[in-house]
Each structure stands twice: as C-alpha cells, then as structure tokens.
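Model the full assembly from the supplied sequences, consistent with the hints where possible.
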Amino acid sequence: MDTADQPIRFDTKIAVLLRDDLQTWQRLNVTAFLVSGLAATFPELIGEPYQDADDTLYLPMFRQPVLVFAGSKEILGAAYSRALGRGVPMAVFTSDLFSTGNDRDNRAAVRALRSASLDLVGLVVHGPRNAVDKIVKGARLHE
Numbered sequence: 001m002d003t004a005d006q007p008i009r010f011d012t013k014i015a016v017l018l019r020d021d022l023q024t025w026q027r028l029n030v031t032a033f034l035v036s037g038l039a040a041t042f043p044e045l046i047g048e049p050y051q052d053a054d055d056t057l058y059l060p061m062f063r064q065p066v067l068v069f070a071g072s073k074e075i076l077g078a079a080y081s082r083a084l085g086r087g088v089p090m091a092v093f094t095s096d097l098f099s100t101g102n103d104r105d106n107r108a109a110v111r112a113l114r115s116a117s118l119d120l121v122g123l124v125v126h127g128p129r130n131a132v133d134k135i136v137k138g139a140r141l142h143e
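Under this note's numbering, the first residue of the sequence shown carries the number 1, and numbering increases by one thereafter.
Please note: incorrect hints may appear among the correct ones.
Straight line, CA to CA, 30 Å or less: simulated DSS-like cross-link-like pairs of lysine-lysine [said to hold, decoys possible]:
hint : residue 1 : residue 2
1    : K73       : K137
2    : K73       : K134
3    : K137      : K13
4    : K13       : K73
5    : K13       : K134
Quick list of the computed label-pair ranges, beta carbon to beta carbon [as the list claims (entries may be wrong)]:
hint : residue 1 : residue 2 : range
6    : D105      : D55       : 38 to 48 Å
7    : A116      : A53       : 50 to 60 Å
8    : D54       : L113      : 44 to 54 Å
Because the hints were derived from the structure by calculation, they are not lab data. Ideal Cβ positions, reconstructed from N, Cα and C, are used throughout, including at glycine.
Next up, the structure:
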C-alpha cells in the first residue's frame, strides 16, 4: 500500500519554551542554541539532506516540527520541574549565558548554580507527545 500521501504523525514532540520578556534577538538566539542540543544528542531526529531541482545540496533538518512556546518565568520554572520529574531530556538556557561567548563559559555558568537558582530564559524538551504537552502546560504558542 502506497502511503506517500498519508499524513505523518510523530509519536514524539519537540517543544521550545521561551520566557515571554525576551527581546526578539534573544528569542532567536536561545531557540537556535537549545535545538542544537537535540540535534547533537538525538541524530534520529534529523531527516535526509535537501536537494533542489538544480541538484544543489542543502543540510538536513529536523524531520518533525519544532513547536515554540512562550511563558512567564513561573511557567518556565513549572515546566522545568515537570520535565525533571518525568525524566524527559532537556536543554536549558539561562540569563547568564547572554554574557558569555563560548561553550566552555556557558557550561561553567550553568555549573556554578544549583538547579533551583538557575534563571531560566528558555528550555527545550523532546519526548512522548503527551508528556511534552503536560510539561509545557500553561504556555502559549509563540507568536
């Protein structure tokens, strides 16, 4: 049976949650950094390379949608706690990372603080659809 025209439904979901008081450049920067952690950790999330009709090759991208949400500092904190409690893989971006310029200093800034003291401005989670929906509960789709 040919299923090429059938809709594709994924069992997992990728969700980025950003603090709603970030400037536009910060939202874009945080999103890019957060999803890079997923791509590096879960190569199965990456599709095949793209190619146009002129045979120009392009890099592959995620094979499923990435949903971007926004919420208050409190919503981010609740989502973080729910992700930890469910054991769902996540990456975090803290406000301190806006003042660092490389991976070594980024990791040191996160390492310097206990979980409860992290000033989260963004996080990304990947997991079963229903678990991710529960984690980002209260957040709204980013406009």
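What are the numbers of the hints the structure violates, in ascending order? Hint check: nothing fails, all pass.
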